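K.L.:
As a plain string of letters, each chain reads:
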Amino acid sequence: MVRIVWFSLAVAFVFLGTVWAVDRGRRWDTPRLGSAGFETLRGARSVRRDSRGVLVVPLNPACPHCLAAWRRLTEACPGEPRCEDRVALLVDVPGRPSRAALARLSARTLWWDRRGVWRARWGHRVYGERMRFDGSGSYLGTSAPALP
Amino acid sequence: MTSEREHLPPETRSAPALSWAVAPGWQPFWYAYLGFCWWQAGVGEVAHAGTASAALAVAFVPAGKLAGFLSEAAFYWLWWRGGGRRLPYWRFFCVVASASLADVLAIRLAEMAHTASPALAAWLAALAGLQAWRGGAWGSPALRVAFGTLGILTAVRIGVTAHAQSRALGIRGAVALAWTAVVWVLGRIALLWLTDLARGRSPLPLH
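Respectively, the protein sequence lines represent chains A and E.
Mind the numbering: the first sequence is residues 1 to 148 in this note's numbering, read in order.
Mind the numbering: the second sequence is residues 1001 to 1207 in this note's numbering, read in order.
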């Protein structure tokens, strides 16, 4: 019995390491807004050419942490001229969100990642992170979710 | 090391010499105190998360730590059982749970290091772990999560755990220390892998 437990632990360790190595070895697409094909649920359909840049924040309606990070973000810079445009991107939502769910989310611009690009092609996995794009939709970088 | 674990003569596999770290009559109060310490450490984390659900989650921190201590004690019990030795489970559990106070202290010192002067922060980092060192250059955030607690207090906790095994089983301290350190490193590598898998290409909110 003890040997079986140890064998299982060893197999689990090797399996985890293999999964990690495969995952780290994958080639991911560089994020780009133009080709992502996000569906617009509210607000602007695309990035304006003269925009100061866009801050895209992936959110999931079932994640209170990331919704709180979004609120902090919008409260910290509520549409002043120097602020980047802020876009809430609904991710890991397989079906179209209900009107009630959308009403609870305070965002001027709201996109839906219907095809799962953020996770499957870009390789990102942390809700509430801040992805920065320039006026042409090119990727500038990502910051961790805003802490209080 | 394996040979010592597996091939000691039966007469050396004697009854446990490990005494209770805390007298049994005091243990309910002691475990309550440990639970309170871990709950307080969880409160500090809630201040960073700042949500109602995080406030609820902090109530489960002591329960999560209890599960961790039970698992750690069971791991070592199984390990030595595989070599034909019997580690006194509940006495060893008491040591593991008590030694976790070093982790609580490390969390407190790491919090202090965020607002301390650079010189003091360097000393605190030596005690609490490299994650408290501002000059630390980590190649990966997962590396910091996994090995950021490496410091004197972690070494003390590993040493206490190893010493308890040495006393309980009558094996050399160096052997127990080597196995405990290897288990700690393997556990940290597994944590590194899990953290990387959880974050993908996303940065982590470390402070």
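To be clear, the hints were calculated from the coordinates, so they are not data collected in a lab.
Wrong hints could be hidden among the right ones.
Per label pair, the in silico range of CB-to-CB distance [as the list claims (entries may be wrong)]: (1) Leu1191/E to Pro94/A: 28 to 34 Å; (2) Phe1075/E to Gly116/A: 51 to 57 Å; (3) Ala10/A to Arg1201/E: 26 to 32 Å; (4) Leu1191/E to Gly37/A: 55 to 61 Å; (5) Ser138/A to Ala1174/E: 41 to 47 Å; (6) Val1185/E to Ala21/A: 14 to 20 Å; (7) Ala1198/E to Arg42/A: 27 to 33 Å; (8) Ala1174/E to Arg72/A: 47 to 53 Å; (9) Val1043/E to Val93/A: 28 to 34 Å; (10) Gly116/A to Val1156/E: 25 to 31 Å; (11) Asp29/A to Leu1120/E: 54 to 60 Å.
As the structure is a computational prediction, the values presented were derived from the model and not from experiment.
Ideal Cβ positions, reconstructed from N, Cα and C, are used throughout, including at glycine.
K.L.:
Next, verify each hint and record whether it holds.
P.N.:
Hints and how they fare:
1. Leu1191/E to Pro94/A: 28 to 34 Å: Given range 28 to 34 Å: holds, Cβ gap about 30 Å.
2. Phe1075/E to Gly116/A: 51 to 57 Å: Taking Cβ atoms as reference, Phe1075/E and Gly116/A lie about 37 Å apart, which means the hint is violated.
3. Ala10/A to Arg1201/E: 26 to 32 Å: At roughly 30 Å between Cβ atoms, Arg1201/E and Ala10/A fall inside 26 to 32 Å, so the hint holds.
4. Leu1191/E to Gly37/A: 55 to 61 Å: violated (36 Å)
5. Ser138/A to Ala1174/E: 41 to 47 Å: 57 Å Cβ-Cβ, so the 41 to 47 Å window is violated.
6. Val1185/E to Ala21/A: 14 to 20 Å: holds (18 Å)
7. Ala1198/E to Arg42/A: 27 to 33 Å: holds (30 Å)
8. Ala1174/E to Arg72/A: 47 to 53 Å: Holds, since Ala1174/E and Arg72/A (Cβ atoms, about 51 Å apart) stay within the stated range.
9. Val1043/E to Val93/A: 28 to 34 Å: holds (32 Å)
10. Gly116/A to Val1156/E: 25 to 31 Å: violated (46 Å)
11. Asp29/A to Leu1120/E: 54 to 60 Å: violated (45 Å)
Hint violations for this structure: numbers 2, 4, 5, 10 and 11, all remaining hints satisfied.
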